[in-house]
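Asker: As a plain string of letters, each chain reads:
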Amino acid sequence: MSPALHADVWAAPLIVGTVLAVGAYLVAVLDAAATRVVAGTGLAPDVLIEPLRRAALLVVQQRVVTERPDAASWALAPAAYAGLAAAGLAVVPWSPSFSVADVDAGIVVWGTVESLAVVAVFLHGWSPNSHQPLMAAYRYVAVGLSCLLVSMFVLIAVALPAESLALNAIVDAQAGLWNVVRHPLGLPLFAVVALGITFWGPMDLADGADLSGGTSAEASGSQRLAWQGARAAMLVSFAALGSAAFLGGWHGPVLPGPVWMAAKTAALLALLVAAGHLVARVRAERFVTWCWTVLLPLAFLDLVVAGLGALP
Amino acid sequence: MSPADLPVGADVAFWVFALAAVATGYRVFRTDSMVRSAFLLLASFLNVGAILLLLSATYLGVALFFMMTVEMMVMAIFMVAFMMNSAGLNPMSMTHRSGRAAVVGWLAFAGGAAVALAGEFPDRPLPPGTDVIGTLGEELLGDSMLTFETAGVTLLATMIGAVVLSSRRSRFGDEAGDDASLPPTLDPETGEYPAGVIAERSGGHGGHGDHGGHG
Amino acid sequence: MAVSALHRLAAAAPVPVFVARGAGAGLLGGELAADRRLRLVASPRQATVVLAAGHFGGGLGPALDRVHDQLPHPRALVWWRAAGGPEPGDDRPGALDHPAAVVHGPGGDVAQVLVDTHRRLLAGDQATAPDAGADEPPHPFEGRGDHGQGGEGMMGGVPFGRPMAMTGDDRDGLALGQVSADLGPFLVGLPAATVARVTFQGEVVQALELRPQAVPEAPVLDPVLARFDEARHRPVPVAELERARARHHLRAVAECFRLAGLWALAARAASLARGAGAGVAGVDPAAVAALGRRLRASALLASWSGVGTFPGRSPFTGGANARAAGLAADARRGDPAYRALGFAMVVQHGGDARARLVQRLAEARHALELASRAADVGAVHHPDHPLETPWGPAPDGGSVALEVVAAALAGADWSDALATLCSLDLVPDAAVAPAGAAP
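Residue numbers (our numbering), protein chains in the order written: chain A, 196 to 507; chain B, 231 to 445; chain C, 2 to 440.
Pulled out of the complex, with its shape left as it was, chain A reads as follows (with noise of 0.2 Å):
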């Protein structure tokens, strides 16, 4: 570890909450913004003030507790979801010089982030002593678990032309040549992974409709506000990540790198919450079918290219 991250040690929460909490923010626009576009009822100016009028009724609603539930789980998953949020972000760079927590094995770390996010989503469904958010959160597993398995490919494929773990290192070899270029499967089969362990748009595989909310169908008031918030955290991580694995995190001209990185992650944010109003939710047996047959090997097939690509 860096000396940076004991010098950064009370600043480090600031920073990340700030990020989170703005990014946050404007992944709630772009959804209501998306949801009026594609509706065609009408775009207006008031789509920034919408989340915050949302959020404000989920503030004053009452928190309703279920008969016998595992009140510390419930509570706590919300806040493990969006802890698991921060940690992921923490390790992403946002210029050579500047990283929350600088660690040097950045890519492992997100590795764990992904695995402990299933877990916590798991957990919100099944401490509600509910039939749907449990039905929900089983259904979740599977499907969680076998993105994970995608994602770890993916993430070594992205590690190995850097020959390093450390995200630093790895937005470093993308000088010349961005990962989106260089192993061209990457990103799309990483807007999967994000869009799974999110549980965002086609892959609500967590809180559809079809389970009356599935992991949140119980969820009401403030505990409601904190799972989405956490949800909408979550998915702003992964786009940073996204931004600084694929799309050459600060690199580019003109413009500093942290707003390049910014730039980034904003548009990557557009695209994940737009799909999330074009491309209907997938049916979860036919996704772990296609996860295992397609994604799977596709992911092996980045990995071959990446380390063919980086042999001397």
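For the record, the hints were derived by calculation from the structure and aren't laboratory data.
Even for Gly, the Cβ is constructed at its ideal location relative to N, Cα and C.
Be aware that one or more of the hints could be misleading.
As the list claims (entries may be wrong) - Chain C residues, not near chain A, derived (Cβ > 10 Å throughout):
#	residue
1	Leu7
2	Ala182
3	Ala338
4	Phe344
What the hints assert, rightly or not - Cβ pair distances, simulated, as ranges:
#	chain 1	residue 1	chain 2	residue 2	range
5	A	Gly447	B	Met375	51 to 57 Å
6	B	Asp241	A	Ser290	49 to 55 Å
7	A	Pro379	B	Gly364	41 to 47 Å
8	B	Met375	C	Arg297	31 to 37 Å
Given the coordinates of chain A, work out where chains B and C should sit on it, guided by the hints.
Answerer: Positioned in the frame of chain A, the structure of chains B and C alone reads:
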């Protein structure tokens, strides 16, 4: 940096993680549901991983995190799926034959404690700038890369094979729907099944669309 | 001050509405998705207002009470009831005793009433609705032993009044734990006023029973149902019938979109349905075609292909479901008024959820085209001639026993089962008819 220079925060953190690891480990057997049990065990492992991080073994600590997370998640799902009490929330006792288990547990504890007290541990902090992960990789894989790679690919193939076999459609290598979950006939001439096979299997398939649809 | 600012902000939020459709409501309420001041939500826990549409009696009464009590405070109920219909009987649910607002007849501005109710609720001008039922578990917790497991050994006893879920054989030949649950009757996708009693293994439906909650002689609220009822007894302009048909199919498509998580496209379909219902100017068939292009781009058709096919021949002998399976059956061919308009039938093949969705959208577009041609010549449907309702030839040609549907769904994933039911849009009359199947 000698041990005396380490910030006092590291000592505090060590004791917090160590006690939390023991406490959650103890709770594994005192809780009332398989799911809680599995995740308490995970919490215990995570605390051990955090201690590894304190020892500057970043890679080992983080790898422990994600390996144990996936393992415990799969364990919880499998326990709940294959045992009674699907939801895992009906309370039940987590102990079996506690007498014998206590004896074995204390013996294991005594063994571990003996190693901790009698063993000699290195006292050499890392020189700054050491490539920890590279050194570790060299140490673990240096001469045996081929062995590890072979084992890794074999394991992955086994995993995929197990998933394929457990799927209704693909157990006998055909996309022909439910028919594919019947074993191939022993007598290709007559196409007859050995006695008992069909009756046995249709018992387990009572809920199928194909069967129910005729009713 | 801070609290009241928060409440003002919350009052301006899109109103989360949970729609509970009772008897005689058809697919009414789905069109509200087109209004951006409202959000139709999937779970009562997410709503501030529950919209009770139609007539609630029999098993629907307690169900409405339960859903009502699941809303977080502050909450309110708006009752949308048939104008001049009979008062509900003794089985009237407690939730309907003090509704925050009552809308009479399908023509009322329900969206505005919902928004006003939400605003009054958050401004404190409307008291939050108290529980309609008793706030106690259906069975007292009877946990005994160290962990409340209620018996000897690792498990035993019935601490929640239900036995511990045991394992059973599943479709893959594994022995997995089973859970039984009653879902509905207000779940998106389920037939109107029907409870699904399901035994699950994970997400797989091991056994399914569809139980209609009978409400005999419920007044009709849905204008589509009313229009086709009317056409059985007196002459009705073909243009109006076809607009009602288009409206119904578009609403059904909107339900499918909601189920698939395509909320924005659901709003678009709902807006078209509202346009079809508005009459005069109607709605441009080209807009329906544009929706069809969005549908194809959304991959929903690919996702639903092969879902919900019936083993062997399709059990449907008439209606859109039969035509989606390739059966050339349409009562409109026997009506001289339609023949004069040059009526040509729309047919798909496959008989899966995909074909049914495509069929519904195609029929909606076709019906709108027919309506404009019929309006030009003033075509009228006479009650002596055969009548094709959105569900099949009147009076009940499109109906299929719920048991047949339920049996075909055993072994499917729950979301596939729900997609099947949603795409089938089963006959509301059959679902609420006192067929002796109700408990």
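Asker: Ala182/C: least C-beta distance to chain A exceeds 10 Å?
Answerer: Incorrect as stated: the minimum Cβ-Cβ distance to chain A is 4 Å, not above 10 Å.
Asker: A cut-off of 10 Å on Cβ-Cβ distance, and Leu7/C was said to be off the interface with chain A. Does that hold?
Answerer: violated (5 Å)
Asker: Given the hint of 49 to 55 Å, is the C-beta distance from Asp241/B to Ser290/A inside that range or not?
Answerer: violated (34 Å)
Asker: Between Pro379/A and Gly364/B, is the Cβ distance one that fits in 41 to 47 Å?
Answerer: violated (29 Å)
Asker: Has the hinted range 51 to 57 Å been met by the Cβ atoms of Gly447/A and Met375/B?
Answerer: With a Cβ separation near 38 Å, Gly447/A and Met375/B fall outside 51 to 57 Å, so the hint is violated.
Asker: Quick one: are Met375/B and Arg297/C within 31 to 37 Å, going by C-beta?
Answerer: violated (49 Å)
Asker: Checking a non-interface call: every C-beta of chain A should be farther than 10 Å from the C-beta of Phe344/C. Is that right?
Answerer: holds (31 Å)
Asker: Was Ala338/C rightly flagged as not at the interface, with every chain A Cβ beyond 10 Å?
Answerer: holds (34 Å)
Checked against the numbered hints given earlier, the structure breaks hints 1, 2, 5, 6, 7 and 8 and satisfies all the rest.
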